[in-house]
Amino acid sequence: MSRGAFITLEGIEGAGKSTVAQWLGEWLGAHGLIVRLTREPGGTELAERVRRIVLERGREQVSAQAETLLMFAARAIHLDNLIRPALAAGEWVLSDRFTDATRAYQGGGRGVDPQWIDTLAAHVHADLVPTCTLLLDLPVALGLQRARARRGETDRFEAETEAFFERIRAAYLSLARCEPHRFRIIDASAPVAAVREQVAAALAPWLESSRGASR
Numbered sequence: 011m012s013r014g015a016f017i018t019l020e021g022i023e024g025a026g027k028s029t030v031a032q033w034l035g036e037w038l039g040a041h042g043l044i045v046r047l048t049r050e051p052g053g054t055e056l057a058e059r060v061r062r063i064v065l066e067r068g069r070e071q072v073s074a075q076a077e078t079l080l081m082f083a084a085r086a087i088h089l090d091n092l093i094r095p096a097l098a099a100g101e102w103v104l105s106d107r108f109t110d111a112t113r114a115y116q117g118g119g120r121g122v123d124p125q126w127i128d129t130l131a132a133h134v135h136a137d138l139v140p141t142c143t144l145l146l147d148l149p150v151a152l153g154l155q156r157a158r159a160r161r162g163e164t165d166r167f168e169a170e171t172e173a174f175f176e177r178i179r180a181a182y183l184s185l186a187r188c189e190p191h192r193f194r195i196i197d198a199s200a201p202v203a204a205v206r207e208q209v210a211a212a213l214a215p216w217l218e219s220s221r222g223a224s225r
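Residue numbers (the working numbering): 11 to 225.
Hints were generated in silico from the structure; no laboratory data involved.
Just so it is clear, the structure is predicted and the values come from calculations on it, not from any experiment.
Check before you lean on any hint, since a few could be wrong.
[As the list claims (entries may be wrong)] Distance ranges between label pairs, derived from CB positions:
#1 Arg59 - Leu183: 24 to 34 Å
#2 Ala40 - Gln75: 41 to 51 Å
#3 Pro95 - Ala159: 11 to 21 Å
#4 Gly42 - Gln71: 42 to 52 Å
From the three backbone atoms N, C-alpha and C, an ideal C-beta is built for every residue, glycine too.
Build out the structure end to end from the sequences listed, making use of the hints.
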């Protein structure tokens, strides 16, 4: 059985994470791997219900702290019911966002204490860190232009200011600098074919390692 891997995709709105994840799942499947595509917040029926609470623009205020706790509640459900079982079965899990998104959006964007976020992460998944994190990076103005061109009604995050997303992008790049062994920065402003080439090159070492483990 091949060794499972946990690959996460991160980036601001309009970075193309969902599109890359779909292509990457097919590409890895063509290499003989069993791949599970998922997303955060969400990924399971119950976690998707929490997602709706997080994203909906309702009359009640949701504080930055409450938002962070909801993210980790959904994450704990996601981990127990999908991510951990899939990895234990030797599958490659591709998740559109994980805890780095909380560090960037709630920490960088909303100003939540990063130490508190890390404490919550330690309680929820101290034993699990992504094998590789693909940071799809692009200028905020371009990302928002792409996102606005394709969406209908905006959710709570999409309605935020450009300055909010500048803080998020800066937080992501800071995380990547702190963990260069795990992060791979992908130029998401490049043409689709070039983005795919970058992603394939970034994951080549782990793909080879998985092949070796299955021999």
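How the hints compare with the structure:
1. Arg59 - Leu183: 24 to 34 Å: holds (32 Å)
2. Ala40 - Gln75: 41 to 51 Å: holds (43 Å)
3. Pro95 - Ala159: 11 to 21 Å: violated (37 Å)
4. Gly42 - Gln71: 42 to 52 Å: holds (49 Å)
When the structure is compared with the earlier hints, a violation turns up for hint 3 alone.
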